[in-house]
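According to the numbering used here, the sequence shown is numbered sequentially starting from 5.
Hints may contain errors.
List of simulated lysine-lysine pairs, BS3-like, C-alpha gap at most 30 Å [unchecked claim]:
id, residue 1, residue 2
1, 303, 241
2, 306, 251
3, 454, 441
4, 595, 392
5, 298, 530
6, 392, 378
7, 373, 296
8, 373, 386
9, 378, 651
10, 441, 564
11, 595, 306
12, 251, 296
13, 296, 595
14, 441, 375
15, 373, 644
16, 651, 661
17, 375, 651
18, 373, 661
19, 296, 306
20, 454, 392
21, 373, 651
22, 251, 380
23, 237, 251
24, 386, 251
Now the in silico label distances, taken between C-beta atoms and shown as ranges [as the list claims (entries may be wrong)]:
id, residue 1, residue 2, range
25, 447, 473, 52 to 58 Å
26, 458, 276, 26 to 32 Å
27, 348, 541, 45 to 51 Å
Calculated from the structure, these hints are not laboratory results.
In this text, a Cβ means the ideal position worked out from N, Cα and C, and glycines have one as well.
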Amino acid sequence: MAYFGRGVAYTRKGLQSQGIAQKALNDFHKAIDLDTGQTRPDMYIHRAEMFLMMHHYQEAYNDATTALKLKPLPKIYFLRGVISLLMENFSLAEQDFRKNVQSPDESIRIMSHFHLGLALYYRGKVRNAVEVFKEVIKENPNHLGAVLSLAQGFKELSNVRGALARFNQSLLIQPNNTMVYNLRGNLLFTTGEHQAAILDYENCVSGDPYNTNCQYMKAASKIILGQFYEGLKDTTKLMVSNIPVIKASPEHVKAHYLREYARYVHARLDGPISLIQPDMDFSPDYLDHWVKLKKFDIKNYKEQPGLQPDIRDVQSLTDVSPDLESLLCRAEALGRLSQVSVDGIVPDKRLNLAMGLASLHTAQYFEAKWKILKTKTGTQDKVVNGWKELFSIAVFYRRLANLEQPYLWVNMLPSYTSKEGHRTDIPFVRGSVHNMKVTPYNELAFKLAKTMLEHYSGDGAASYSGLKEDLAKATSCEDLLAVSRKRQINPRGFLVSTQVPSVAGVREDNRLEGGVLVLTEDQHQKIVFALNIVNMPDRMSSYHSEMDYLLMLLQDEMRKSGLSKASDVDVIISHILSIAYYFYNLIPLSKGSSAVAYSVLLGLIMSVGRQITGRIPNGRLLDMEAIFAGAPDAFVMVAKNWMQIKKISVPVSSLPKVSELLPTVRSVLEVLSFNSTTCLH
Numbered sequence: 005m006a007y008f009g010r011g012v013a014y015t016r017k018g019l020q021s022q023g024i025a026q027k028a029l030n031d032f033h034k035a036i037d038l039d040t041g042q043t044r045p046d047m048y049i050h051r052a053e054m055f056l057m058m059h060h061y062q063e064a065y066n067d068a069t070t071a072l073k074l075k076p077l078p079k080i081y082f083l084r085g086v087i088s089l090l091m092e093n094f095s096l097a098e099q100d101f102r103k104n105v106q107s108p109d110e111s112i113r114i115m116s117h118f119h120l121g122l123a124l125y126y127r128g129k130v131r132n133a134v135e136v137f138k139e140v141i142k143e144n145p146n147h148l149g150a151v152l153s154l155a156q157g158f159k160e161l162s163n164v165r166g167a168l169a170r171f172n173q174s175l176l177i178q179p180n181n182t183m184v185y186n187l188r189g190n191l192l193f194t195t196g197e198h199q200a201a202i203l204d205y206e207n208c209v210s211g212d213p214y215n216t217n218c219q220y221m222k223a224a225s226k227i228i229l230g231q232f233y234e235g236l237k238d239t240t241k242l243m244v245s246n247i248p249v250i251k252a253s254p255e256h257v258k259a260h261y262l263r264e265y266a267r268y269v270h271a272r273l274d275g276p277i278s279l280i281q282p283d284m285d286f287s288p289d290y291l292d293h294w295v296k297l298k299k300f301d302i303k304n305y306k307e308q309p310g311l312q313p314d315i316r317d318v319q320s321l322t323d324v325s326p327d328l329e330s331l332l333c334r335a336e337a338l339g340r341l342s343q344v345s346v347d348g349i350v351p352d353k354r355l356n357l358a359m360g361l362a363s364l365h366t367a368q369y370f371e372a373k374w375k376i377l378k379t380k381t382g383t384q385d386k387v388v389n390g391w392k393e394l395f396s397i398a399v400f401y402r403r404l405a406n407l408e409q410p411y412l413w414v415n416m417l418p419s420y421t422s423k424e425g426h427r428t429d430i431p432f433v434r435g436s437v438h439n440m441k442v443t444p445y446n447e448l449a450f451k452l453a454k455t456m457l458e459h460y461s462g463d464g465a466a467s468y469s470g471l472k473e474d475l476a477k478a479t480s481c482e483d484l485l486a487v488s489r490k491r492q493i494n495p496r497g498f499l500v501s502t503q504v505p506s507v508a509g510v511r512e513d514n515r516l517e518g519g520v521l522v523l524t525e526d527q528h529q530k531i532v533f534a535l536n537i538v539n540m541p542d543r544m545s546s547y548h549s550e551m552d553y554l555l556m557l558l559q560d561e562m563r564k565s566g567l568s569k570a571s572d573v574d575v576i577i578s579h580i581l582s583i584a585y586y587f588y589n590l591i592p593l594s595k596g597s598s599a600v601a602y603s604v605l606l607g608l609i610m611s612v613g614r615q616i617t618g619r620i621p622n623g624r625l626l627d628m629e630a631i632f633a634g635a636p637d638a639f640v641m642v643a644k645n646w647m648q649i650k651k652i653s654v655p656v657s658s659l660p661k662v663s664e665l666l667p668t669v670r671s672v673l674e675v676l677s678f679n680s681t682t683c684l685h
């Protein structure tokens with residue numbers, strides 16, 4: 005008893021000193037050793053709290069569990085739930101917090117209810133979390149954590165108006181809260197409202213000068229808007245800081261790459277957008293560091309020249325001609341058409357406008373190409389020399405929409421030729437966390453994994469009599485992992501390759517490499533279920549051949565078609581969609597492949613006198629549809645059904661030319677902040 009009392013006394017003195025904390029812990033150890041009958045749950049609670057303070061989470065969890073066995077009290081369930089949250093075991097945390105939602109103790113009930121919302125949020129069950137946060141706010145309207153969390157929940161559900169209202173409410177509860185300014189700024193940044201975001205980041209930095217996220221995001225927002233001088237001043241301030249907490253932050257590393265890319269773009273402001281080719285103009289080592297956000301220690305790297313005083317910053321768009329306005333309004337409408345309605349993806353009006361312009365530019369460029377093609381007499385004559393030409397215009401616009409991220413061709417990266425290749429991961433489940441962006445595809449991926457596990461015939465794989473029954477009963481990743489172990493595939497899990505059919509016959513088996521479906525446990529014994537797509541020269545070469553073959557068919561069809569017969573146009577559109585199918589499966593860009601692909605689809609279809617009028621259904625993603633379609637024909641059928649393709653109402657040839665009205669990088673950056681409220685929707 006004396007040891008326990010002294011341990012408690014130590015905790016009351018404060019535990020800032022590691023020595024005092026260890027003394028308290030030693031006393032709790034001795035007290036528990038002497039309590040051989042385990043009659044004192046409070047001893048385990050105090051020791052669990054000590055372990056928690058010292059970040060020894062597993063030991064804290066074990067003590068809380070022992071205390072619950074001795075006396076199942078609401079406060080102990082709450083403690084164990086918090087420990088599970090910190091261990092990122094959100095499903096166990098959810099179970100413990102649920103036990104307290106009817107507790108008569110108001111304080112424990114509200115705290116448990118709020119933390120239940122957090123557990124659900126981190127599991128990817130954001131819609132459930134939102135309802136829980138609303139209940140907490142009903143009980144306590146001034147619960148800042150719940151109001152802020154509700155704002156974040158609304159953001160994830162693309163309810164931008166609701167999120168902003170809750171952020172504003174948070175500032176009424178606690179004015180000048182830097183976290184609120186930071187989070188609201190991040191929301192505004194994500195939606196393409198960079199000027200408004202800058203004000204929030206400035207308020208954040210004013211209240212918390214060491215907040216590296218606000219410092220960096222303020223600089224990034226200015227650079228994206230073309231305010232290079234001010235943006236680079238902020239970036240340099242972050243880079244040269246000697247404060248340890250700033251130097252250790254990821255933003256400190258990102259600032260180096262932001263500065264170099266901003267200088268690069270600024271030097272090219274008055275040239276055409278085709279000059280923005282970082283994957284050609286930066287060294288492979290630099291690109292590798294940038295994509296992986298490695299420490300900025302590139303050997304023999306020569307910095308980009310500083311800003312040239314004769315090149316002014318990008319000015320705000322003040323005078324919009326009728327021609328430009330009609331073009332921008334058409335682009336804005338196309339951008340809205342391409343916006344997906346998926347949990348976890350927030351509408352970005354700047355990106356939508358950029359990709360709408362990309363669609364129009366692509367349409368006008370290729371409409372002119374098809375006209376030239378019809379004048380060619382030889383069947384071998386081409387006007388488009390490779391599939392990349394179809395997508396290059398859209399890639400330039402994707403880069404200009406966000407100057408803070410690297411949108412690079414994968415085959416220009418060193419990882420592409422390495423032994424491991426360049427990997428893109430699409431996670432479905434990690435531990436108890438579900439990736440809500442791809443939730444509608446979880447069941448499809450799970451069924452595919454089941455089928456492939458049943459037919460897996462790799463080295464050492466064993467079969468057994470109840471295999472089909474076990475697979476039929478399997479409803480979770482844990483169940484599938486158990487079957488994998490029974491089959492002696494690998495104690496850590498299994499991985500199987502998917503395949504993509506070839507229409508060009510470029511491989512003997514008429515199959516291309518798809519992705520690798522992985523079900524395993526990580527080093528923390530958490531389940532990982534994901535699709536990995538690894539690009540290496542062989543894989544990319546086969547996809548290149550596939551798309552070039554389809555491009556040849558497209559050009560042959562364009563040469564002989566009059567575009568008047570519906571059947572002719574249908575064949576052409578099928579070729580265009582098939583090219584997109586292989587592009588989606590290839591994922592040839594380090595970021596942004598999906599947005600680029602859809603804008604090109606819109607543009608190419610307009611270039612043949614048709615337009616997409618339908619929207620992608622709620623919860624669906626065209627890239628995931630392509631990956632799980634199984635064959636190009638199946639993808640084409642689904643896409644046509646959604647797109648509701650009709651004869652174009654306003655031919656792209658009748659619109660002002662994008663390349664003439666927006667001839668430079670500067671002119672494109674100017675219009676990307678266009679206020680579309682003047683457009684008739």
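Now for the hints, and whether the structure bears them out:
1. 303 with 241: With Cα atoms ~23 Å apart, residue 303 and residue 241 stay inside 30 Å; holds.
2. 306 with 251: holds (22 Å)
3. 454 with 441: holds (22 Å)
4. 595 with 392: Given pair residue 595, residue 392 holds - Cα atoms ~16 Å apart, limit 30 Å.
5. 298 with 530: holds (26 Å)
6. 392 with 378: The hint holds at about 22 Å.
7. 373 with 296: Roughly 38 Å separates the two Cα atoms, so the pair is violated.
8. 373 with 386: holds (9 Å)
9. 378 with 651: Holds - the C-alpha atoms of residue 651 and residue 378 are around 20 Å apart, at most 30 Å.
10. 441 with 564: The hint is violated at about 42 Å.
11. 595 with 306: holds (25 Å)
12. 251 with 296: Holds - the C-alpha atoms of residue 296 and residue 251 are around 18 Å apart, at most 30 Å.
13. 296 with 595: holds (12 Å)
14. 441 with 375: violated (41 Å)
15. 373 with 644: holds (24 Å)
16. 651 with 661: holds (21 Å)
17. 375 with 651: holds (18 Å)
18. 373 with 661: holds (14 Å)
19. 296 with 306: Holds: residue 296 and residue 306 sit about 20 Å apart, inside 30 Å.
20. 454 with 392: violated (36 Å)
21. 373 with 651: This hinted pair holds, its Cα atoms lying about 20 Å apart.
22. 251 with 380: violated (61 Å)
23. 237 with 251: holds (17 Å)
24. 386 with 251: With Cα atoms ~54 Å apart, residue 386 and residue 251 exceed 30 Å; violated.
25. 447 with 473: 52 to 58 Å: Violated, since residue 447 and residue 473 (Cβ atoms, about 20 Å apart) do not stay within the stated range.
26. 458 with 276: 26 to 32 Å: Between residue 458 and residue 276, where Cβ atoms are some 54 Å apart, the hint is violated.
27. 348 with 541: 45 to 51 Å: violated (33 Å)
In summary, the structure is inconsistent with hints 7, 10, 14, 20, 22, 24, 25, 26 and 27 from the numbered list given earlier, while agreeing with the others.
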